[in-house]
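Required output: the full structure, derived from the provided sequences and hints.
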Amino acid sequence: MRILFTAWGWNTCYYPMVPLAWSARAAGHEVMVATQPGLVPTVRRSGLPVAAVGHDLDVAAMMGGFLQRLTDRDGLNPSDWPVMREFGARNCWLNVAVCGAMAEGLWEFASRWRPDLIVFEATTYAGPLVAARLGVPAVRHTWGIDYAYLLREFDEEALAPMRDAWGLDTVETLGALTVDPCPPGLQLPPSPHVPVDVHRLPMRYVPYNGPGRLPAWLLQRPRRPRVCVTWGMSSGRFDPAQVVIDRVVRAVAALDVEVVAAVSPADRHLLDAMPPNVRVVENVPLHALLPTCDALVSQGGLGTVMTAVTTGTPQLLVPQTTDRLVNARQLTASGSALHLLPDDNTPARLQSLLTRLLDRPGPAADAAHRLKAEHDALATPGEVVASLASLAAGGSGGTAPVTNRPL
Amino acid sequence: MRVLFVSWAWPSHLLPLVPLAWAFRAAGHEVVVATQPPLLGTVTGAGLTAAPVGSALDHAHLLGNALRPLHPSDGAEAPAGTPAAQRPGRRRRLGLSVRLAEDMTDDVVRLCTSWRPDLVLHEPTTYAAPLAAAALGIPHAPVLWGVNFHAAAQAFEREAFADLCAQLGIEDFDSRGMAAVDPCPPSLQVPSQHPRLGLRHVPYNGSCVVPDWLNDRPHSPRICLSWGVTPQWAGTDDHAQASARQRELITTLAGLDAEIVVAVASRELLGGEPLPDNVRVVERLPLHLVLPSCQLLVSRGGAGSMMAAVAAGVPQLCLPQYPSDLMPAERLAGTGAAVSFGDTPPAPAAVRDTVELMLRTPSFRAAATRLRAEAERQPAAAAVVSQLADMARDFGRRPTDR
Chain A
1 MRILFTAWGW
11 NTCYYPMVPL
21 AWSARAAGHE
31 VMVATQPGLV
41 PTVRRSGLPV
51 AAVGHDLDVA
61 AMMGGFLQRL
71 TDRDGLNPSD
81 WPVMREFGAR
91 NCWLNVAVCG
101 AMAEGLWEFA
111 SRWRPDLIVF
121 EATTYAGPLV
131 AARLGVPAVR
141 HTWGIDYAYL
151 LREFDEEALA
161 PMRDAWGLDT
171 VETLGALTVD
181 PCPPGLQLPP
191 SPHVPVDVHR
201 LPMRYVPYNG
211 PGRLPAWLLQ
221 RPRRPRVCVT
231 WGMSSGRFDP
241 AQVVIDRVVR
251 AVAALDVEVV
261 AAVSPADRHL
271 LDAMPPNVRV
281 VENVPLHALL
291 PTCDALVSQG
301 GLGTVMTAVT
311 TGTPQLLVPQ
321 TTDRLVNARQ
331 LTASGSALHL
341 LPDDNTPARL
351 QSLLTRLLDR
361 PGPAADAAHR
371 LKAEHDALAT
381 PGEVVASLAS
391 LAAGGSGGTA
401 PVTNRPL
Chain B
1 MRVLFVSWAW
11 PSHLLPLVPL
21 AWAFRAAGHE
31 VVVATQPPLL
41 GTVTGAGLTA
51 APVGSALDHA
61 HLLGNALRPL
71 HPSDGAEAPA
81 GTPAAQRPGR
91 RRRLGLSVRL
101 AEDMTDDVVR
111 LCTSWRPDLV
121 LHEPTTYAAP
131 LAAAALGIPH
141 APVLWGVNFH
151 AAAQAFEREA
161 FADLCAQLGI
171 EDFDSRGMAA
181 VDPCPPSLQV
191 PSQHPRLGLR
201 HVPYNGSCVV
211 PDWLNDRPHS
221 PRICLSWGVT
231 PQWAGTDDHA
241 QASARQRELI
251 TTLAGLDAEI
261 VVAVASRELL
271 GGEPLPDNVR
281 VVERLPLHLV
291 LPSCQLLVSR
301 GGAGSMMAAV
311 AAGVPQLCLP
321 QYPSDLMPAE
331 RLAGTGAAVS
341 FGDTPPAPAA
351 VRDTVELMLR
361 TPSFRAAATR
371 LRAEAERQPA
381 AAAVVSQLAD
391 MARDFGRRPT
401 DR
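Here the protein sequences come in this chain order: A and B. Numbers 1 to 407, taken from UniProt numbering, label the letters of the first sequence in order. Numbers 1 to 402, taken from UniProt numbering, label the letters of the second sequence in order.
Derived from the structure by calculation, the hints contain no laboratory data. Be aware that one or more of the hints could be misleading.
What the hints assert, rightly or not - Which chain A residues face chain B? A few, computed with CB under 10 Å, are given here:
hint : residue
1    : Pro19
2    : Ser23
3    : Ala26
4    : Glu30
5    : Gly210
6    : Ala367
7    : Arg370
Said to hold, decoys possible - Restraint ranges, calculated between C-beta atoms of paired labels, are given here:
hint : chain 1 : residue 1 : chain 2 : residue 2 : range
8    : A       : Trp113    : B       : Glu283    : 17 to 25 Å
9    : A       : Pro276    : B       : Arg393    : 20 to 28 Å
10   : B       : Pro37     : A       : Asp272    : 26 to 34 Å
11   : B       : Gly137    : A       : Thr346    : 38 to 46 Å
12   : A       : Asp169    : B       : Pro211    : 47 to 55 Å
13   : B       : Arg284    : A       : Pro265    : 44 to 52 Å
14   : B       : Gly137    : A       : Gly185    : 34 to 42 Å
15   : B       : Gln193    : A       : Ala377    : 37 to 45 Å
Every residue gets a Cβ at the ideal spot worked out from N, C-alpha and C, and that includes glycine.
Take a look at the structure:
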């Protein structure tokens, strides 16, 4: 079977799909990844063959401007989804812009490569559009906690021009199935505003945060609790002012802990003069680092929080955008995390919450352990590939998907 | 479970481990791939986590010394004069393996002591892995690349690795481990009494940006010529002469009504002059992407090329270049999917005539299709991952053999 994976050009949106693509290859299927040109080197580093489609957009600048306008209006704290929802279809602006930049290119490529199935990153609308035009099944792949599902309410309106241009009646942006690397207990509940059912195929989240090397010190057990602090890979690209990791690291380092600050090379300069119990690392994959850590402090981005779910690590989150606030609320509800809003992010508050997370035994560690156990019981990507093969052959996707019905 | 993969730093030995490593990751296991420094980027380039072991040896030079070409160029250097070096084949090959193990074993032991893998999987000529695993009582298994021409070397292992065993404080070790993970269809593989875990072969020849021309059907039969990675080394064979011979072969084949795709690691191997219009030279294009559109593969019959063509169901013409190429080529020819030149020098006109014959004889394609079907019936990587994980767990429950 020929499976086309497609994602727009942002590394952290692409990464969650990599293990499923590997599994499809390892099972003997032909696999291709189609993405915007700027992400091509990143896809190559994941070991998969890639086709460049469409053109790049300066999404970092676009998102930076958008976040700045929100901050000017509302202050530093992010708005909850019910507030953002008032903006209607404008919530889909970035997904629509990216779709415009890559849909024609994806069609040109896919109409020649002839996939049997298209697996698309949840916000890559070009995927379901092209699948509809080719008449092949489209499978949506989430990043974990499914913020993109909430946008489905507005997708029909947002995509109308594109649908009309191609003469398509309907395009289901939730796909025929949703491959969902998220424990069902952590996932968003069905929304009364989303007009269709979502058919979820829960899958283990196999963390892929890019390749890297295993440093020798990582293998030595720390004497004191080890706390990982990261601000992810995206915040600094949107707006350097969001990366408050220097303040956070100083606050954490004042406790009797070992701090490992995982930064992108661009953010390293922020951590030049740090206390002796701070180790700064670049390019160590989080999935290799977190199993040695007792807690994680982060911005609450998707790759970061889901990796910590798989390692059973309690989390302290400081969400600065709506999607991360959604993540923080879900994780806090599970008991495995606590969160602080940016206005409240003082050293004293941060230290007090982190101390609670470091309690052993303690409720946060217990909850993180339960969440990990729920996660570990889910289907592996290898098993999900078999379901997808059945879907492409005209079946329903093999195992019965979990259907979330509107309340 | 923690799974450590180990290979010395040569691409054709490391790359076959990648799809199985992916399958372990996708099943939720922790995976680290240990290799010598020159190939750490190849590991991370496959999306995997790398750990350095051993040092940056001059691998091309070591290989060049260990393997003599079947058809040396005129004026090639005579092999070094020591009696041991004059003995061709197995003992010389193990000489290289010993040198590599001396370089890597201490670091593999250190890595195993700190990272504590539950299972060690390794490329068959990377003895640092079974040595370290035996010393520490960790279950281990080799992952074969294809036809196991290395099996015969086992008879020499005990003697060759006696010093390393003594340093590790072990009396002996078994490089065959719990079972050989074997991607080769049984009808192609050398028979063995040792347990075997069949694996559906998935070629991994690196990643790439797919060139546009691959999406169009070829207008005439497409023939792929591959030299793999191995001829990069500057051995006793003279580079310029080898390059001239390759150009002559390419131009002769270009006389056929066919599209010739020449897959090379580097264009430099072919010199600078232009080639005929129906020749397309591609650098570092993974074979598994180009082979499905081909009618025939012409190669020396190295394991990576051969197995990629088996998986694609493409007939093969094998032109062995080194003694270790002979037996796999003969096995493949025995399935009916290939012709092997054996140790006959590959005169360009003879190669062209054989290609022509193979293109118009349907039995080669039929046999290649049967062989592919047999390969596809082998258990998929996900199933082999479960089997290996179970075996590793059981290994922990019973007293070790040593």
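To see whether the hints hold, each was checked on the structure:
1. Pro19: Interface hint status for proline 19(A): holds (5 Å vs cutoff 10 Å).
2. Ser23: Holds, about 4 Å.
3. Ala26: holds, 4 Å
4. Glu30: holds, 8 Å
5. Gly210: Holds, about 8 Å.
6. Ala367: Violated, because the Cβ-Cβ distance from alanine 367(A) to chain B comes to roughly 20 Å (cut-off 10 Å).
7. Arg370: Violated - the Cβ of arginine 370(A) stays beyond 10 Å from chain B, reaching only about 17 Å at its closest.
8. Trp113(A) <-> Glu283(B): 17 to 25 Å: The hint (17 to 25 Å, Cβ to Cβ) holds, given that tryptophan 113(A) and glutamate 283(B) are roughly 22 Å apart.
9. Pro276(A) <-> Arg393(B): 20 to 28 Å: At 42 Å between Cβs, range violated.
10. Pro37(B) <-> Asp272(A): 26 to 34 Å: holds, 28 Å
11. Gly137(B) <-> Thr346(A): 38 to 46 Å: Taking Cβ atoms as reference, glycine 137(B) and threonine 346(A) lie about 52 Å apart, which means the hint is violated.
12. Asp169(A) <-> Pro211(B): 47 to 55 Å: violated, 35 Å
13. Arg284(B) <-> Pro265(A): 44 to 52 Å: violated, 26 Å
14. Gly137(B) <-> Gly185(A): 34 to 42 Å: Hint holds: Cβ distance 39 Å, inside 34 to 42 Å.
15. Gln193(B) <-> Ala377(A): 37 to 45 Å: The hint (37 to 45 Å, Cβ to Cβ) holds, given that glutamine 193(B) and alanine 377(A) are roughly 40 Å apart.
The structure does not agree with the numbered hints 6, 7, 9, 11, 12 and 13 stated previously, though it agrees with the rest.
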